[in-house]
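Protein chains in written order, with my numbering: chain A, 1 to 536; chain B, 537 to 773.
Simulated from the structure, these hints should not be mistaken for laboratory data.
Quick caveat, the model's predicted, so the values are computed rather than measured.
Check the hints yourself; a few may be wrong.
Pairs of lysine to any residue residues, derived as SDA-like cross-links and limited to a Cα-Cα distance of at most 25 Å, are as follows [as the list claims (entries may be wrong)]:
hint: 1; chain 1: B; residue 1: LYS585; chain 2: B; residue 2: GLY555
hint: 2; chain 1: B; residue 1: LYS585; chain 2: B; residue 2: LEU601
hint: 3; chain 1: B; residue 1: LYS585; chain 2: B; residue 2: ALA755
hint: 4; chain 1: B; residue 1: LYS585; chain 2: B; residue 2: ALA763
hint: 5; chain 1: B; residue 1: LYS585; chain 2: A; residue 2: GLU443
hint: 6; chain 1: B; residue 1: LYS585; chain 2: A; residue 2: GLY372
Here's a subset of chain A near chain B, in silico, CB distances under 10 Å, partners left out [stated by the list, open to error]:
hint: 7; residue: LEU15
hint: 8; residue: ALA16
hint: 9; residue: PHE237
hint: 10; residue: GLU432
hint: 11; residue: ALA433
hint: 12; residue: ALA447
hint: 13; residue: SER451
hint: 14; residue: ALA455
hint: 15; residue: GLY459
hint: 16; residue: ALA460
hint: 17; residue: VAL461
In this text, a Cβ means the ideal position worked out from N, Cα and C, and glycines have one as well.
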Amino acid sequence: MTTVLDRAVPPAARLARDRRRWAWGLTAVVLTAAALAGAGLFSGSVLNPGGSAQFGRFATAALRPELDPGFLSVVAGSALVTVAYAVLGGGLALVLGAVGAALVSRRTWGRRRSGWLAARGLLAVPRGLHEAVWGLLLVNVLGLDPWVGVLAIAVPYGAVTATVFADLLDEVPGGGYEALRAAGAGRGTAALYGLLPSAAGGLLSYSFYRLECAVRSAVVLGLIGAGGLGYQLALSFTSLRWEQVWTTVYALGLLCLLADVGGRAVRRRVAAPPSPGPGRDPVLTTAVGIVVALVAWSLWFLALSPAALVSARAREQLSYVASAAWPPSTQRSLLADVAATAVDTLAMSVVAVVVATAGALLLAGLAARSPGAGPVRRAGGALVRLVLLLLRAVPPPVWALVLLFVLLPGVLPGALALGVYTLGVLGRLVGEAVEEADRRPREALRAAGASAAGAWLYGAVPALTGPVLALALHRWEVAIRDTVLVGLLGAGGIGVLLSARISAFDWPAVATVLGAIVVLSFAVDVVAERARAALR
Amino acid sequence: MRFGGTTALAGVDLTVARGERVAVVGASGAGKSTLLGVLDGTVTPSAGKVLVHGTDPGSVRGRELRRLRGRTGTVRQHLELPGQLRVVHNVNAGRLGSWSVSRAAWSLLRPQGTAEVAAALHRLGLADRMYERTDRLSGGQRQRVAVARLLVQRPELVLADEPASALDPALADTVLAVLGELAAERGGALVACLHDPALALRHSDRVVGLDSGRVVLDAAAGSLTVAELERFYGVAR
Numbered sequence: 001m002t003t004v005l006d007r008a009v010p011p012a013a014r015l016a017r018d019r020r021r022w023a024w025g026l027t028a029v030v031l032t033a034a035a036l037a038g039a040g041l042f043s044g045s046v047l048n049p050g051g052s053a054q055f056g057r058f059a060t061a062a063l064r065p066e067l068d069p070g071f072l073s074v075v076a077g078s079a080l081v082t083v084a085y086a087v088l089g090g091g092l093a094l095v096l097g098a099v100g101a102a103l104v105s106r107r108t109w110g111r112r113r114s115g116w117l118a119a120r121g122l123l124a125v126p127r128g129l130h131e132a133v134w135g136l137l138l139v140n141v142l143g144l145d146p147w148v149g150v151l152a153i154a155v156p157y158g159a160v161t162a163t164v165f166a167d168l169l170d171e172v173p174g175g176g177y178e179a180l181r182a183a184g185a186g187r188g189t190a191a192l193y194g195l196l197p198s199a200a201g202g203l204l205s206y207s208f209y210r211l212e213c214a215v216r217s218a219v220v221l222g223l224i225g226a227g228g229l230g231y232q233l234a235l236s237f238t239s240l241r242w243e244q245v246w247t248t249v250y251a252l253g254l255l256c257l258l259a260d261v262g263g264r265a266v267r268r269r270v271a272a273p274p275s276p277g278p279g280r281d282p283v284l285t286t287a288v289g290i291v292v293a294l295v296a297w298s299l300w301f302l303a304l305s306p307a308a309l310v311s312a313r314a315r316e317q318l319s320y321v322a323s324a325a326w327p328p329s330t331q332r333s334l335l336a337d338v339a340a341t342a343v344d345t346l347a348m349s350v351v352a353v354v355v356a357t358a359g360a361l362l363l364a365g366l367a368a369r370s371p372g373a374g375p376v377r378r379a380g381g382a383l384v385r386l387v388l389l390l391l392r393a394v395p396p397p398v399w400a401l402v403l404l405f406v407l408l409p410g411v412l413p414g415a416l417a418l419g420v421y422t423l424g425v426l427g428r429l430v431g432e433a434v435e436e437a438d439r440r441p442r443e444a445l446r447a448a449g450a451s452a453a454g455a456w457l458y459g460a461v462p463a464l465t466g467p468v469l470a471l472a473l474h475r476w477e478v479a480i481r482d483t484v485l486v487g488l489l490g491a492g493g494i495g496v497l498l499s500a501r502i503s504a505f506d507w508p509a510v511a512t513v514l515g516a517i518v519v520l521s522f523a524v525d526v527v528a529e530r531a532r533a534a535l536r
Numbered sequence: 537m538r539f540g541g542t543t544a545l546a547g548v549d550l551t552v553a554r555g556e557r558v559a560v561v562g563a564s565g566a567g568k569s570t571l572l573g574v575l576d577g578t579v580t581p582s583a584g585k586v587l588v589h590g591t592d593p594g595s596v597r598g599r600e601l602r603r604l605r606g607r608t609g610t611v612r613q614h615l616e617l618p619g620q621l622r623v624v625h626n627v628n629a630g631r632l633g634s635w636s637v638s639r640a641a642w643s644l645l646r647p648q649g650t651a652e653v654a655a656a657l658h659r660l661g662l663a664d665r666m667y668e669r670t671d672r673l674s675g676g677q678r679q680r681v682a683v684a685r686l687l688v689q690r691p692e693l694v695l696a697d698e699p700a701s702a703l704d705p706a707l708a709d710t711v712l713a714v715l716g717e718l719a720a721e722r723g724g725a726l727v728a729c730l731h732d733p734a735l736a737l738r739h740s741d742r743v744v745g746l747d748s749g750r751v752v753l754d755a756a757a758g759s760l761t762v763a764e765l766e767r768f769y770g771v772a773r
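This is chain B alone, in the form it adopts within the complex (with noise of 0.2 Å):
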């Protein structure tokens, strides 16, 4: 995996199994954004091949390649939520996998499934901002507002890029669990992205960690300790 003269992953070789939660650490650089991009397919890998769902994406097209996309939810680093659209809105984009476009345009004007959002901004303690606009809302709450997006999409694998950075300890701890029921709802994955070496240990069950865009420790999570993570994140931390 090569950005113009810049190699952001070499050599990775690794297989997410069904049921499974992956914490991957790293320092700042070391690739971790772009693990979840080849995964997610925003980023193409220059060399080798990616399964997604035992399907290469690379190989699909049309709307064969939307169906095995909507399969895979993530929550950005840096969110992507327009800012001009009410919470309703934003968190109904998860569903724009399955809903036609004349229905997602419907919605715009007279929210649609609104039972379901509710539900989800209520498990994440977002409930009366509903019908806010999202760029009234703090970070943290944006934050929550994408992992809303998730719960409606209902996706089988849940990627996740530092989805509690902006989140105090009791509420990161509520949305990493939140992150974890949704891929066993449906018996899928989570790979996650996570800057705390204790809440990476307290919700994996596996952690990769990465160094200058190699895997450099792949272990049970309950084989390691707080203290043996904190190098990984070097200077960051």
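For reference, chain A alone in the conformation it holds in the complex (with noise of 0.2 Å):
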């Protein structure tokens, strides 16, 4: 028997927003329109017309850079202990996040769930204080030694890299481990068997994407003090010497350009193997095989002594900054200051990655290689790649000096120079994910007739919407802590108090305001992340 079922009138549709994204769309609009009146932007003069004869100086000087034998060699050598820092610093970085992801992944905290928030927790001290934050710590333990610039990268890399390991392990399907440990198998071993076949393509990915990113900070590291390509870019900038300033720039883009186009050749490599015969990736094991070769250069050239790590002065150092240090000061102006300055570092965040937003969705149309394209528009995409690798090879402090000339001092040109910067990696981050995205209903829009605007409007940006968001919000995490990095060379923010606090060697406000910054970007952190998750 069949009973025919009485439908229901459907309703009639309404238009239902969704709250949480309208609330998150607002949030970032007032923010935005705050931090933007928090620049100055909309007070008073920020214009210095009194630089633009300095700027047109250095500008002119892009077409002539100094090609003197001598200087050449100096620029090379430099080139040469950037590298060395970044491979050493990247290196054990991956050392330090393969022992750091067994300590923070799931599976070995199983269901006590407390003991991995704690364990998580932990990491986010490292985490939230820049390269150039532990350089100047460092420093301060080690004196002059390499091992600074080395460990300066390795340890925010390593917690970072303990994170994203532990999460890509817990991401494979547990069946393998359990089954392997079922049979007796120890936990270590389970692991190598049972985990790692699985996640190595992403570890690998993973690590090889840390070694680019390495190369930026040694750059950076070069700026307070450690020598290589970023010390060469500050010397001759401070000199006025802007033939010289642009063969450093140009040389630091051809850096950039090889870690980018290695990098990214392992990657894809990794996600799209060529045929899955038997034995290694040929490509992949000489990639490997380089690194570890440079590895070893690396440690001769800097000459490393682990002995300099233990040494007396530098255990006697550390105990005395430590007793120093604690407990953290509590002042109240000291804290006023933190929270004024604190409040100028999220402004100059929030309007970097605005600016480096709109202009990457600007330019990301250009900077995406187009099948088909004709001459002219290929060479214009050429030619916007190539801007952006230079606003990405440029450590930010160096765009502040730049902007400094046609800006007056305040948190506005920290915050473009920032933008500026971001820009750079945004954009080729845009314009790779404009190249991925579906051509076929932009094209299928076209053919019924749509302008160009239009098929764009309704073919492409609903799908880029989402993953160029995230980006943009995986970019204010970066740059809430870059922020303190073009601070701590004096353009704002919370980094200016910092510096000031390390170079009167006042350890107690030093703790407070390290504090202060891990708290700031550990906020950032979770915010940003629930944005996402609105997103998704």
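Combine both chains into one complex, guided by the hints.
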């Protein structure tokens, strides 16, 4: 017997807005407006007319960089120093990350969630401080030793790598691991045979991405005195030798390009292996071999001695700083300064990300390689990609110095400098997202008579909005840390306060400021993560 | 018509008149989708001549080309509907040929022309899905959204590539009837690639059979039987 069920009359369709997304959108608008106001955009003059002549000289020097053989060999030597720091710092970070991953993996803690949360929380401290901050702290403990540069990269990178490695391992389905454990294998062996093979591709990809980033960090450390290209850049800049500045900038661009291209080639190879034949992939084996060889060379080149880490002087200095810094200062005037500069820092990071996102959206269409484009479009695309490369090759504090030619000192030049640098990174990422986006919906709309803009709006933008906003939020997390760096070199925000307290050896105050920075970065991480969840 | 080393269509000489409903049949890879691509301008033939609405699409540019393209509407085999958009926007995308960019952008915030969209969706039994995200819909529902897009576009030449592949028999009949009516409303033609011989015979006046890129059958639908048509689908059926 069949029963015909009465179908309920469907209710008239109504447009229901996603409240959560609207709330986030509104928050973003308010935050942006407040940040722009805080950066002084709506109040008084921000332009510095007196500096335009100097800026002109700086800009025209781009076309005639210093090509004197003596200077070129100095630049080449500096590049080697930068590479050595990047390789050793990045390599050590990967080792630390692998060990740390075992400590913060969900599998290690099982159902003891509070233990897992505590382990993760502990990593927020090294992660929340910029490489340059670590550099300044370590130099006070170890003195002028190459270990400073290596550890300054390895400590924060190691913490980030540990969380990412742990996430990658946790994402592997646990069946194989559990089976091996049930058969009596130890945790380590079971992980080696049951988890590692499945996660290997992701781990390798991320490792190379980290090494790529380490090159940029090594440049930044040069700015605060660790030597290398960053140091050379700062030296030429402060002595107003613009031709030399541009030579160094081009060297930086070349180095970044090599790191980008190499890293991307490895990641593409991992994502799409040519054929799953027996044996190892020769390209990946060579890449890993090159890194190992570079590590060995860097150890020799920097003359790194493990003894320096445990020397009597270092231990003495560490115990002195540690005991001087505890308890952190709770002076009222210091806390007020911390609060005020923290607000500035937040404003700078928001302005930077908004500027970078807007710029990236405008340029992404051009930056993306499109099949079947004409020669003019192709050349334009190559030019945009080259400019983006230079934008991200030059560290943000140097951009702040450049902007000071045309802007009055304050929060704005620092914020825009960060924005320019972030645009270099974000423009590339958004361009890649556009390249990978499905072209067919756009083409279908064009075939039905839509204009290019209309087809873009209805065929491409919907699929790109989510990923692009997620990228922007991720860059915000990075930008809040970089804001501290820009401040360390004088461009405003909490970094200025930190560098002043460190130079005064006021360790209790340093401890307070560091605590505030860690809390601030952690808060931004949490907010960005929440916002990303609302986008999914 | 060649793709790299593969010839997808060769020596096709076909004229579709106003008011005709043509079913294109043939095994997978016979060149059906390429034929539709040539008609809607997404595929440029390597040799030969194509006239759409009496005009060679290669001879016009800019605004005129857009107007010409707006007179042809296609339901694609893979639909090409961005899943992140609400249904109403994916339907409204059919009007991009006549809307200004600012209106199109504004509509994404505040849907425009909702009455026509609702009417189109109602004809296809999707009235209650108007504001849902397209990726929350089933395959068959998405297929009908693609048809609704054509209803608001109101093209003269209606092209459809397997428009009923994910639909139950009753809905398949509805969709093909709607497409036929749509073409008739503006005195145009319907060209549909169909897998199901019975469906093809019920909803067409003329059947064109393709095999390896050549036209091997061109006959009035009334003169064919389902059994005769079935051999065109080879191993696929």
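Status of each hint after checking the structure:
no.: 1; hint: LYS585/B - GLY555/B; in the structure: 22 Å, holds
no.: 2; hint: LYS585/B - LEU601/B; in the structure: 17 Å, holds
no.: 3; hint: LYS585/B - ALA755/B; in the structure: 23 Å, holds
no.: 4; hint: LYS585/B - ALA763/B; in the structure: 34 Å, violated
no.: 5; hint: LYS585/B - GLU443/A; in the structure: 22 Å, holds
no.: 6; hint: LYS585/B - GLY372/A; in the structure: 22 Å, holds
no.: 7; hint: LEU15; in the structure: 5 Å, holds
no.: 8; hint: ALA16; in the structure: 6 Å, holds
no.: 9; hint: PHE237; in the structure: 44 Å, violated
no.: 10; hint: GLU432; in the structure: 19 Å, violated
no.: 11; hint: ALA433; in the structure: 14 Å, violated
no.: 12; hint: ALA447; in the structure: 5 Å, holds
no.: 13; hint: SER451; in the structure: 6 Å, holds
no.: 14; hint: ALA455; in the structure: 7 Å, holds
no.: 15; hint: GLY459; in the structure: 6 Å, holds
no.: 16; hint: ALA460; in the structure: 8 Å, holds
no.: 17; hint: VAL461; in the structure: 8 Å, holds
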